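> First to last, the protein sequences are chains A and B.
For what it's worth, numbering that gives the first Met the number 0 labels the leading residue of the first sequence as 0, then goes sequentially.
For what it's worth, numbering that gives the first Met the number 0 labels the leading residue of the second sequence as 0, then goes sequentially.
What the hints contain is simulated information worked out from the structure, not anything from laboratory work.
Careful, some of the hints might be misleading.
The list treats identical chains as one, so a pair stands whether inside a single copy or across any two.
[Stated by the list, open to error] Listed next, the in silico EDC-like pairs over lysine to aspartate or glutamate satisfying Cα-Cα at most 20 Å (straight line):
{"id": "1", "residue 1": "K121", "residue 2": "D49"}
{"id": "2", "residue 1": "K71", "residue 2": "D101"}
{"id": "3", "residue 1": "K136", "residue 2": "E67"}
{"id": "4", "residue 1": "K136", "residue 2": "E53"}
{"id": "5", "residue 1": "K70", "residue 2": "E46"}
{"id": "6", "residue 1": "K71", "residue 2": "E46"}
{"id": "7", "residue 1": "K136", "residue 2": "D49"}
{"id": "8", "residue 1": "K71", "residue 2": "E114"}
{"id": "9", "residue 1": "K121", "residue 2": "E4"}
{"id": "10", "residue 1": "K77", "residue 2": "D29"}
{"id": "11", "residue 1": "K77", "residue 2": "E124"}
{"id": "12", "residue 1": "K121", "residue 2": "E46"}
{"id": "13", "residue 1": "K121", "residue 2": "D6"}
{"id": "14", "residue 1": "K77", "residue 2": "E53"}
{"id": "15", "residue 1": "K71", "residue 2": "D119"}
{"id": "16", "residue 1": "K136", "residue 2": "D29"}
{"id": "17", "residue 1": "K136", "residue 2": "D75"}
{"id": "18", "residue 1": "K77", "residue 2": "D6"}
Keep in mind it's a predicted model, so treat the numbers as computed, not measured.
Number of protein chains: 2
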Amino acid sequence: MTQFEMDPRFAQATTFIADWPVCRVLLAEDARYPWLQLLPRCGFVTELLDIPREQRLLLMEEIALACEAVKKIQPDCKLNIGTLGIIVPQMHIHVLGRTPGDPAWPGPVWGHQSEAMVYDEKTREFRVAIVRSLSPKG
Amino acid sequence: MTQFEMDPRFAQATTFIADWPVCRVLLAEDARYPWLQLLPRCGFVTELLDIPREQRLLLMEEIALACEAVKKIQPDCKLNIGTLGIIVPQMHIHVLGRTPGDPAWPGPVWGHQSEAMVYDEKTREFRVAIVRSLSPKG
Chain A
0 MTQFEMDPRF AQATTFIADW PVCRVLLAED ARYPWLQLLP RCGFVTELLD
50 IPREQRLLLM EEIALACEAV KKIQPDCKLN IGTLGIIVPQ MHIHVLGRTP
100 GDPAWPGPVW GHQSEAMVYD EKTREFRVAI VRSLSPKG
Chain B
0 MTQFEMDPRF AQATTFIADW PVCRVLLAED ARYPWLQLLP RCGFVTELLD
50 IPREQRLLLM EEIALACEAV KKIQPDCKLN IGTLGIIVPQ MHIHVLGRTP
100 GDPAWPGPVW GHQSEAMVYD EKTREFRVAI VRSLSPKG
């Protein structure tokens, strides 16, 4: 791993959960969705193609693990996975759960104009603990 | 591979490009964006977690190859990758190129209310040929 610096905007809008072999795992500060963000830590990455093949394969397994975590938090959700990088260029992969009737349904959460819901401490800790209970085979 | 049946909505809105080891590769019928869709062919898949690990790793390489293809079509683009599956449940991974000033910029193309631009035959064939010139190591 080369040096890893996180765009300060992530610190404002997320809670740190863990550093997995390839990615930093963050909880998006919006209690309306079980929503993780994975930041590849191999230097400053903006595109999937910046990541060497070997780490890309580990990344896929980390994305799958994040999917498992979201499903544990909200078993009946539909997973949405996406990486856009237009507003915040540093590569981050969103993995989140959607349910009928959520504020952005059936559209994407990205670009949806509505206010995030602040977490109560207990719910945030519950979600963080679920993600921490899973660990990549790395 | 078990049987693979494609939701008829894809045939309406895309052009067939190729069958790669894991995915069927389609060109979205919207000339405004270099836009591919990858449909995993391992049975009826709605979530990444439905795909066995070994094929998931091949899928990552096919996504990376689709990224390369989009970058060949439009070198200065920002890649967007996403899978949502709320409107059309059959899993399909969007890989497309964005440029400042495109109709949905800086929002996501998913859920953006605007009319697709019909391809002229030559541009469609050019894009299809670029994707076909790349092949996965499988």
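> Please flag the earlier hints that this structure goes against, numbers listed from lowest up.
Checked against the structure, the hints that fail are numbers 1, 8, 9, 11, 12, 13, 14, 16, 17, while the rest are satisfied.
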